[in-house]
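Residue numbering for the sequence shown is 1 to 220, as defined by my numbering.
These are calculated hints, taken from the structure and not from any lab test. Hints are not guaranteed to be accurate.
With beta-carbon atoms standing in for the labels, derived distance ranges [what the hints assert, rightly or not]:
| hint | residue 1 | residue 2 | range |
| --- | --- | --- | --- |
| 1 | Asn-64 | Pro-25 | 13 to 21 Å |
| 2 | Asp-128 | Ile-198 | 12 to 20 Å |
| 3 | Lys-27 | Ile-192 | 37 to 45 Å |
25 Å max Cα-Cα, derived DMTMM-like pairs, lysine to aspartate or glutamate [what the hints assert, rightly or not]:
| hint | residue 1 | residue 2 |
| --- | --- | --- |
| 4 | Lys-193 | Asp-174 |
| 5 | Lys-74 | Asp-149 |
| 6 | Lys-42 | Asp-118 |
| 7 | Lys-217 | Glu-38 |
| 8 | Lys-193 | Asp-146 |
Small disclaimer: the values here were computed from a predicted structure and weren't measured. C-beta: ideal position from N, C-alpha, C; glycine also.
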Amino acid sequence: MDIQGLIPLGGTASRMKNIPKFLLPCKVNYSLLDNVVELFNKHNIHRITAGVSESNNRLLYNYNGLHTIQVNTKTMSETVYKMIDNQSTCKNILIMPDTYFTINNEINDTIHMLDTYDIVVILWKIKDYQIGKVGQCNVINGELIDIKDKTHDCEYPYFWGVISWNSNMNRYIDPTWETIGDLIKISLDNNIKVGHIISDGEYYDCGTYSEYFKMIKEHT
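Can you make the complete structure from the sequences, with help from the hints?
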């Protein structure tokens with residue numbers, strides 16, 4: 001089965017003074033987007049699709065290695081919905097373009113797990129400053145049983161950072177969702193087991209000043 005990397009780039013990135021977050025540097029002459037594309041390529045995922053807004057499409061006009069689909073969308077889920085419209089059978093692996101994380105073999109493990117599960121997520125142990133800002137997941141006896149999105153008093157110990165699914169799950173995706181993480185919830189509600197991998201690496205949401213500069217301090 002083919003493997004497709006997905007990168008949603010439909011937003012305005014206003015949180016970083018109108019600088020597109022995916023173009024923020026994470027190394028010298030190296031952006032967060034470069035890092036995501038390289039991560040896909042390292043795992044032999046060369047079919048990389050980006051759903052981009054009109055303004056972002058202009059910025060990426062000469063960017064090599066991406067198949068871009070221009071979208072006019074209001075939510076990340078709507079962007080994903082447009083990206084996978086009329087999609088052929090494949091495995092989808094979605095990475096947010098404004099994130100930075102360290103992993104070992106989790107992407108390869110995800111690809112193999114999609115032979116058994118229709119949806120697989122990579123989880124990280126949550127830190128205090130991330131609580132209420134991400135989709136937190138509860139794992140009991142080795143099984144992912146629940147998810148709560150951006151809930152400030154949530155005590156679930158993990159959060160999802162990478163989500164993958166087989167194309168037969170596309171029918172569940174609702175473009176009105178605020179986050180594609182709702183695919184985890186709808187899967188659980190339909191008694192579809194969600195495979196998971198717990199990473200021992202680090203994960204940063206670089207869409208906020210605090211985590212972006214924390215990443216720069218710790219990884220450059």
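Hint by hint, here is what the structure shows:
Checked against the hint of 13 to 21 Å, the C-beta distance between Asn-64 and Pro-25 comes to roughly 18 Å, which is consistent with it. Hint check: Asp-128 to Ile-198, Cβ distance near 18 Å, so the stated range 12 to 20 Å holds. A hinted range of 37 to 45 Å for the beta carbons of Lys-27 and Ile-192 is consistent with their spacing of about 38 Å. Only pairs whose Cα atoms come within 25 Å are accepted, and Lys-193 paired with Asp-174 is accepted, the gap being roughly 19 Å.
With a C-alpha separation of about 18 Å, the suggested pairing of Lys-74 with Asp-149 holds against the 25 Å cut-off. This hinted pair checks out: Lys-42 and Asp-118 have alpha carbons roughly 23 Å apart, not beyond 25 Å. The hinted pair formed by Lys-217 and Glu-38 meets the criterion: a straight-line CA distance of about 21 Å does not exceed 25 Å. The straight-line distance between the Cα atoms of Lys-193 and Asp-146 is roughly 11 Å, inside the 25 Å bound, and the hint therefore holds.
Hint compliance for this structure: no hint is broken.
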